[in-house]
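> Going down the list, the protein sequences come from chains A and B. Take the first sequence: its letter number 230 is residue 230 in my numbering, and every next letter is one higher. Take the second sequence: its letter number 15 is residue 253 in my numbering, and every next letter is one higher.
The set of hints was computed from the structure by calculation and includes no laboratory data. Any given hint could turn out to be false.
A short list of chain A residues far from chain B (calculated; beta carbon distances all over 10 angstroms) [stated by the list, open to error]:
(1) 59
(2) 96
(3) 100
(4) 101
(5) 114
(6) 127
(7) 171
(8) 236
Just so you have them, the derived chain A footprint on chain B, three or more residues with Cβ under 8 angstroms [said to hold, decoys possible]:
(9) 278–284
(10) 288–297
(11) 327–340
Some chain A residues judged to face chain B by a derived CB distance under 7 angstroms, without partners named [said to hold, decoys possible]:
(12) 37
(13) 95
(14) 157
Glycine is no exception: its CB is placed at the ideal position from the N, C-alpha and C atoms.
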Amino acid sequence: MGITVEILALVPFGLSSLITLVVGIRLLAVAADRREIPELAFGLVMILELTSAISWALGHTTAAGQLVSTLTGAASASTLGLFVVYTFVPHSRLARVGLAALLIAAGACVLVPWLAGAWGSEAFYREFGWGASMVRVCGYAWGAIAAAQSRDALRRRAALGLSHPLTASRVGFWSIAAAFACFSYLMPVFDLLAGITLPGRISFISAGLAIAASSLVWLAFYPPKAYVAWALRQAGQA
Amino acid sequence: MRSRVFEQVSEMLERRTGMSRLEARGTTRIALKSAGLDPNHVNRDQMLVVIAKVLPGELLERGVDDAHAVCEFVASLVKSESPDEKADAAGDRIDGLFRRTL
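Using the sequences plus the hints, can you model the full thing?
Encoded structure:
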């Protein structure tokens, strides 16, 4: 039964990875073409997330796997923080303080295990590995809240023709995706640190959340033409 | 720091409607908020939309009888006197990002 669930969990994990890879590459292509920072930052987040997940899946018992997974996880959280600040709260001093704290925490996720000589240890995740998950939990939670707040203002702008009619709903998709990603990292940490055992296998639920998050990111950045046409008709602009 | 066009519109409202400085600035701020805009980073073109579509209602609510005439006057001054600055509010960055990837 346990093995079946583990194998089943690989299906959403694989799908999620594929969607993440495609969206990440497309965003990086737009960034290369137009020299825009938000596309570059979030495209990098997607690729770093994928690298971190694959290196953890393939080598979480080896020093190299732990190092690559932690390093890319910390880099992903840092880049996500930069994306959130640059895009959603560019003029907030408090946000810059929050970003500095996130960068310091991400640096500590790599530095502390290195100082403790913990790479390759069997107890790595229990003792240190959860740190890289927690900085991502913070980054995605922050992103979800910032995007949800922006969505309301964008909706009001759209009503006056001051923003694209679909931007508010696409930001809403991104916000929900960030919340799902946050929970997908939070659940294993809860299981480990607080001893809260949730129904079913954590890996399976996390994988389900990951595929929901990556699908919503795809819908946010590259919505299908049928959806765009339908939404524009609803907004009276088709 | 508020944007130049915000200061200009608030000042003109104060002069034309007899509102106090605080009332005029508050009214402009509320009009911008209803449009999802930030008083610190609103540009001329965005302000002109607010003056045309939101501000008359806000002025009527505050007992300004010739609200439409006041708004037309304010809009004409904004058009002639305010430079067209590039908006750099979060909303513009977000809208730009999602437009580019559509």
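> Now look at each hint and say whether the structure bears it out.
Okay, the hints, checked on the actual structure:
Against chain B, the non-interface label of residue 59 of chain A holds: every CB pair exceeds 10 angstroms, the least being about 33 angstroms. For residue 96 of chain A, the condition that its CB be more than 10 angstroms from all CB atoms of chain B holds, with the nearest at approximately 14 angstroms. Interface exclusion of residue 100 of chain A from chain B stands, the closest Cβ pair being 19 angstroms apart, more than 10 angstroms. For residue 101 of chain A, the non-interface assignment is confirmed: its Cβ lies about 20 angstroms from the closest Cβ of chain B, beyond the 10 angstroms cut-off.
The Cβ of residue 114 of chain A lies farther than 10 angstroms from every Cβ of chain B, with a closest approach of about 35 angstroms, so its non-interface assignment holds. In this structure residue 127 of chain A is separated from chain B by more than 10 angstroms, as the shortest Cβ-Cβ distance comes to about 39 angstroms. The beta carbon of residue 171 of chain A sits about 6 angstroms from the closest Cβ of chain B, which is not more than 10 angstroms, so the claim that it is off the interface is violated. Residue-level check passed: residue 236 of chain A sits 16 angstroms from the nearest beta carbon of chain B, beyond 10 angstroms.
Look at the stretch 278–284 of chain B against chain A: 3 of its residues bring a Cβ nearer than 8 angstroms to a Cβ of that chain, three or more, so the hint holds. Beta-carbon proximity to chain A at under 8 angstroms applies to 3 residues in the stretch 288–297 of chain B; the threshold of 3 is reached and the given coverage holds. Counting residues of the stretch 327–340 of chain B whose beta carbon lies closer than 8 angstroms to any beta carbon of chain A gives 13, which meets the minimum of three for the stated coverage. Taken as an interface hint, residue 37 of chain A does not check out: its beta carbon lies about 9 angstroms from the nearest beta carbon of chain B, beyond 7 angstroms.
A cut of 7 angstroms between beta carbons decides the hint on residue 95 of chain A: the least distance to chain B is about 10 angstroms, and the hint is violated. Because the beta carbon of residue 157 of chain A sits about 4 angstroms from the nearest beta carbon in chain B, less than 7 angstroms, this interface hint is met.
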